[in-house]
Structure formats: C-alpha cells, structure tokens
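S.K.: Residues per chain are reported as follows:
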Amino acid sequence: MSEVAPGLTVDSVTGIDVSLPVAGPGARAYAFLVDWHIRVILALGWFVLGALLHNGRFTLAAPLTNDARWFGAVVAPALAIYFLYHHAVELVMRGSTPGKRMAGVRIVARDGGAPSAGALLTRNVFRLVDSLPLFYGVGLITVVLTREHLRIGDMAAGTLLVFEHADARLPTRAGEAHRAGRLDATGAEIVAELLERWPALAPEARVRLARQVLTRYGGESGESAESGESGDDDAAWRTRLERLARPGQG
Amino acid sequence: MTVNGSARQRALTVSLLQRADLWRQAERRARRLARGRSDDAADATHLADDYRLLAHDLARVRTLMPDSRTREYLEAAYARAHATLHHGAWRIGSALLSLFREEIPAVVRWLRPYILWSTAIFALAVIGGYALVQRYPELIALFASPDLIASVERGQLWTEGLLNIVPSSVLSVQILANNIVVTLFAYCAGFLFGLGTLYILGLNGLMLGAVFAFVSLHGLRAQLVGFIVAHGCVELSVMCLSGAAGAAVGEALIRPAQAGRIESFRVAALRSGKLLIACALLLVGAGILEGYVSPDPRVPLWARSALGAGYWLFMAALLSGWLFGRRAPRAPA
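Same order as they appear, the protein sequences are chains A and B. Under this note's numbering, think of the first position of the first sequence as 1, with each following residue one higher. Under this note's numbering, think of the first position of the second sequence as 1, with each following residue one higher.
Just so you know, these hints were derived from the structure itself, not from any lab. Since the model is a prediction, treat every value here as computed from it, not as a measurement. One or more hints might be untrue.
Computed from the model, here is a short list of chain B residues facing chain A with C-beta under 10 Å [unchecked claim]:
| id | residue |
| --- | --- |
| 1 | Tyr51 |
| 2 | Leu58 |
| 3 | Ala83 |
| 4 | Trp90 |
| 5 | Ser98 |
| 6 | Tyr187 |
| 7 | Phe265 |
| 8 | Ala269 |
| 9 | Ser272 |
| 10 | Gly273 |
For each residue, glycine too, the CB sits at the ideal point set by N, CA and C.
Same shape as in the complex, but just chain A (with noise of 0.2 Å):
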C-alpha cells in the first residue's frame, strides 16, 4: 500500500480545493545544493575579480597591511553575497530561487500565496537555529521528523516548500487520441507524450517503448508487436503509433 504524500490544502470559494504536494528532505536538499553552489560561484567571482583587479597583477594575496579598499570592495561584498544570498533572491522571485526552480519547488504561505516579505526575511533569520551544530543538522531533523518537512525557519514564518510543477505540460495530441475510441484517457496521454518524446529518445528507446504500448493499448499480441511491420525500423513503430492515436482509424 503506498502512503499518500503530504500536501496543503487550501479552501476555495469553488468549493473545489487547492491541493499543493509539499516537497520533501531529497527535494530541500537538491535545491539547497544547487543555491549552495550559485553562491559559492557568485562569491568566490567577486573575490578573484576584485582581488585581481586591486592588485593589478595575477595573484589573490591579500596586503599585508590593513588595507580598507581590500576589505571594503574585495571581502565585504564576497561575503554579503554568501549570507545575504537567500534573503535578496527569495524577496525578489517571490519565494524562489534559482535551485529552488530547478528542483521544480517554491515556498507559499499556509494560505498558498506568496509568502510577504516578512515571512521570507524570518524564515531565513532562523537559518541561524537550522544550521546547528553542523550542515544544517537541526534543520534536517526536523525536516525529516515532522509530517509537512518544516525546518524551524518554516515554523516561525508559516511557509512550507511545495512542489510547482511549472513545467507541467499538456500532451497535446491525447484529445485526439482518446477520440479515436481505442484507447482510455490515461493510453491516450501515453501515446500522444511518447510521440511528443519521439525525436529526443534514442532508436533502441523509441523502439522499446512503442513496442510496449502497442502491446498494452494496440490490442496485439506480443508476437505481433514484435514483429514490427519493417522489424527495427524506427518510423514504422512510430507510424503504427500515429495510426493508434488518429481519430478515424480505429
């Protein structure tokens, strides 16, 4: 029996709720990591770009002298982007950040909106408390520990990290396919997805996979879909597939 994952649920006027999955500890984590490394680069940049151009040579010694130009236009600003970096960037993409997309997540408030600039400020304060003692140890406890993967910044400010699906798409042929009288609505989006995916896949995986639906939604027989019309070729496969998902030739 699979255990349904947690999610927010937020009431609508429709009386059709809003329901937001909430991103787990491998979710946070990639995010975290990705964000971790955009920092450390931005940082890092700042540094070896200043550092150089102090200089005016090719080295990132720093004076020996207590040097204010060094500290104030080299380190200070290196460091200001490693700390400050997820204060600024949540504010300015409304709760998200560049690991955070790529992870497919973004934080919301508990009524599903973007959180105000309070909450996202507070959440990130209490970084502070999560990273204890080490690599953000008590953050992963209690990520891990409690039902929606809250760190404590999320306590305190009231957001959680849900999962955006952005980049959801439609397939966009499975009307068609689903008319065509064949197939159910779950083969028809099947179909029209691996159609869509076609000229990304690799012969052999196009070949595979047609070769597996038209075995499930094409009504052969084993044998028959695997003895394709041209064998291996991989444009009849995809033919026999058109020819499943076409409204009129059923």
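Given the structure of chain A, go ahead and fit chain B onto it with the hints provided.
M.R.: Just chain B now, with coordinates in the frame of chain A:
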C-alpha cells in the same frame, strides 16, 4: 448499462480534453497577472472566469483521469489562478513599504510589555555587574579579556589608537557583523523557551556593568562614556528589542495562546521576527558610527552626543513607522 456508462465516460473525457486550449490561455493569463505585467482590467476580470473554468474541469479530471498528466497540469494551473486571484501581483517595493510602515510598528506596539521587561532585565544585569566588580575588582577576569584588563590598568582605554591598528571600514564591518549575529542569536535563542534570550541579555548586561565598574575604578569612566555615546544608544536599545522579540517567542512556547505550541510559536515568531529586520539595519548604522566616529579622537563629545541622540530618534521614527509616512490615527471627534 455498462456499455452506456463507459461510452458516457469516454464522451466526457473527450469533451474535457478538447478544452485544453482554454486551460493554456487561463494558465498564461494567471502567470502574466501574477508578475504584474498587465494593467488591462478586462484581462484581470477574465481571470475570475478562468478560475471557475479550471475548478470545474479539475473536479472532473480528478474523477475521470486521476493519474494523468492532464490532472497534474490542471492542479498547477488552478493553484496558480487561485494564488493570483486571491493575492494579486507581487511588488517588492510595496511589500517592503508595507513592512516598514505598517507591520514593524504594529510589532513594536505588540511587544511593548516585552520591551519593558527585557530592558529591565538588561538594566538589572548592568547594575549587578557594576556592583559585583566594584566590590570585588578581581572578578573582572570573568567578563573581560586579559588585554583589555592590562590596558585599563595602564590607565588607557583599549579603544585608544584603535584606528592606527584597524582601518575604520574594517572595524565597522567587523563590529556590525558581530552585533547582528549576537542580536539574531538573542532572538533565535528564544526558541529555548526564552532561556537562551534571558542568558544572552543577562550576560551582555553583566559584561557592560562590569567593564564600566572596572574603568571607573581606574578613572576612565568619562572616556568610556565618550567612546560609546555615539553608537551605544541604538546598539543597546537594539539588544533590548531583540531580547523582547526572543522573549515573546519563548513565552509562546511556555504558555501557548493558540491551539498548540507549534502554532503558537509560529504566530509569535512570524510577528516578532519582522522587528529583527529593522534591528539589523539599525546595527549597520551603529557599526559605521562605531568604526568611524567613536574611536576618532578628533570628534568632540558634544558632536558624539548629538549623533547618538539623533540616531536614537531616527530609530524611534523608524520603529513607529513615522519615517515611512505612517501617522497615528486621530481619535474621532
């Protein structure tokens, strides 16, 4: 009967999937409006129709095609339309203005009793530290570094000649970074049922009192007052403010006002945490004063005092919202 049911379901699914273009248009409109990229009133009004359409179709898709990409798409589009319709476009400028003009002053009003208590605790700790070291001077070793003690015993404040060792900019950044971290810790330590905040407030108060008593014993009190007057008024006030915010979080855990401790903690932390943003900004200014003005012997005492008082008034204006155009509501005639 079974055949009819199946045919009906197929017809419903086909008719649903034929509306894909409408869903795409609705999703694009919600995305556009959420970014604030449209001033077209008709466009915005249309979103309400989109919302109903998506709700209706999502309900049917949840029944007819529960494990499909179509459902995944519609769930995301519906959630986006819901958020856009109920929360409007995100404008960082107005969000920050609202934070400083309305939200932070409201937090300060709510925290008034906590501010009074944390100030009282801090003041008591200062008096305690002062009395302790005045009576037993050797106890200063518990609160101050050997270098500081040696310097004062030579009849010289440790701050003298500071700018010959460290430039003002470096000093400012070091000080403000340290103060911000201490302030944030004083707040976050409230998570330990308020005990952490109490400890940080008490320790800082004891240190301040002890150092004052020690320099007084060596006749350097006037110099120390001269050194801290410019930045200290705001710095010490911020310490009490962050202590108050931490105490509010601690009390929410000890005596939850909401249904549960976690919920109570969430409400208290979200409300009080906003104050920390103002505190961090104020500490940047205090750090600059401490790096550039306080150790500079060319700045006379009257100028330092004026700067300290002026900056404290600036803090009061910021925390009351007056700086961002908030005026106290007039009582009805």
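S.K.: If a hint holds in the structure, say so; if it does not, say that too.
M.R.: Hint by hint, here is what the structure shows:
1. Tyr51: At about 7 Å, which falls below the 10 Å cut-off, the nearest Cβ of chain A leaves the hint on Tyr51 of chain B intact, so it holds.
2. Leu58: With a closest approach of 6 Å, the Leu58 of chain B hint holds.
3. Ala83: Given a least distance of 5 Å, the restraint on Ala83 of chain B holds.
4. Trp90: Given a least distance of 4 Å, the restraint on Trp90 of chain B holds.
5. Ser98: Holds - the Cβ of Ser98 of chain B comes within 10 Å of chain A, reaching about 8 Å at its closest.
6. Tyr187: The hint holds - Tyr187 of chain B has a Cβ within 10 Å of chain A, the shortest such distance being about 7 Å.
7. Phe265: Holds - the Cβ of Phe265 of chain B comes within 10 Å of chain A, reaching about 6 Å at its closest.
8. Ala269: holds, 3 Å
9. Ser272: Holds - the Cβ of Ser272 of chain B comes within 10 Å of chain A, reaching about 9 Å at its closest.
10. Gly273: Hint on Gly273 of chain B: holds, closest Cβ of chain A at ~3 Å, below 10 Å.
Violation of the numbered hints given earlier is absent; every hint is satisfied by the structure.
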